[in-house]
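Engineer: Work out the full structure, taking the sequences as your base and the hints as a guide.
Our numbering applies: residue 10 is where the sequence shown begins, and numbers increase by one.
None of these hints come from the bench; they were simulated from the model. One or more hints might be untrue.
[Said to hold, decoys possible] No more than 25 Å apart at the CA atoms, straight line, and that leaves these computed lysine-lysine pairs for PhoX-like:
1. K95 - K18
2. K148 - K168
3. K50 - K22
4. K185 - K172
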Amino acid sequence: MKIDVTNLKFDDKGLIPAIVQDVYSDEVLMLAYMNGESLAKTVETGYTWFWSRSRQELWNKGATSGHLQKVASISYDCDGDALLVKVDQTGAACHTGHRSCFFNPLWNEGEGRNLPVPEPDNESIYGVLAELYRVILYKREHGGEKSYTKYLFMKGQDKILKKVGEESAETIIASKNNSRQEVIYEMSDLWYHCMVLLAYHGITPAELLHELSGRRSKENNSKY
Numbered sequence: 010m011k012i013d014v015t016n017l018k019f020d021d022k023g024l025i026p027a028i029v030q031d032v033y034s035d036e037v038l039m040l041a042y043m044n045g046e047s048l049a050k051t052v053e054t055g056y057t058w059f060w061s062r063s064r065q066e067l068w069n070k071g072a073t074s075g076h077l078q079k080v081a082s083i084s085y086d087c088d089g090d091a092l093l094v095k096v097d098q099t100g101a102a103c104h105t106g107h108r109s110c111f112f113n114p115l116w117n118e119g120e121g122r123n124l125p126v127p128e129p130d131n132e133s134i135y136g137v138l139a140e141l142y143r144v145i146l147y148k149r150e151h152g153g154e155k156s157y158t159k160y161l162f163m164k165g166q167d168k169i170l171k172k173v174g175e176e177s178a179e180t181i182i183a184s185k186n187n188s189r190q191e192v193i194y195e196m197s198d199l200w201y202h203c204m205v206l207l208a209y210h211g212i213t214p215a216e217l218l219h220e221l222s223g224r225r226s227k228e229n230n231s232k233y
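Structural biologist: Laid out in structure tokens, this is it:
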């Protein structure tokens, strides 16, 4: 498949920056560079290829680690000097093992102050929720006849809300039973259905965490 690159502005080294974004969660995963050849191979194979400025060679992202990036779409900005590549990411995008290369906190919104915002590791609650959210979005679009997630979206908002209510009640009962294991089990069901509800409204887990972080950063934690 040939593509028209006449509107793209490669730099004097024949390169153009490519921002890689998760197609399901919209999380920015990495920044790399493409030249004409790597862009063509990306389109041809359906997986990301980049130009390594340090090694001066083409590289297929994930070919060694198995953390491949299946391309969903490629677009360019208003000036034609940057690409946005949306991908279905397998595993971690960063060579450090983080899902995203952008894991070093520099500044966080909150009255103009620098705040310590530790990045959760891959086993953190955010990593689990982000992965669950990706699965929910995938199942919504590609789930088969036996997919419960697909079934919920097909039934619509009322069904999803009913399940959130049911799981809330079951969590309350588990708590009243003073059963730690029951609370864990029922709360897990509740969280899953809440994540489905978020996906229904197009809200990502990151948006909730941002809201919680904003409340935490308020002076004297007044929101709490």
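Engineer: Look at each hint and say if it fits the structure.
Structural biologist: Each hint tested on the structure:
Between K95 and K18 the CA atoms are separated by roughly 20 Å; this keeps the pair inside 25 Å, and the hint holds. As the CA atoms of K148 and K168 are separated by approximately 17 Å, the hinted pair is consistent with the 25 Å bound. Restraint check for K50 and K22: satisfied, since their Cα atoms lie roughly 18 Å apart, inside the 25 Å limit. Simply put, K185 and K172 have alpha-carbon atoms about 20 Å apart, close enough for the 25 Å limit, and the pair holds.
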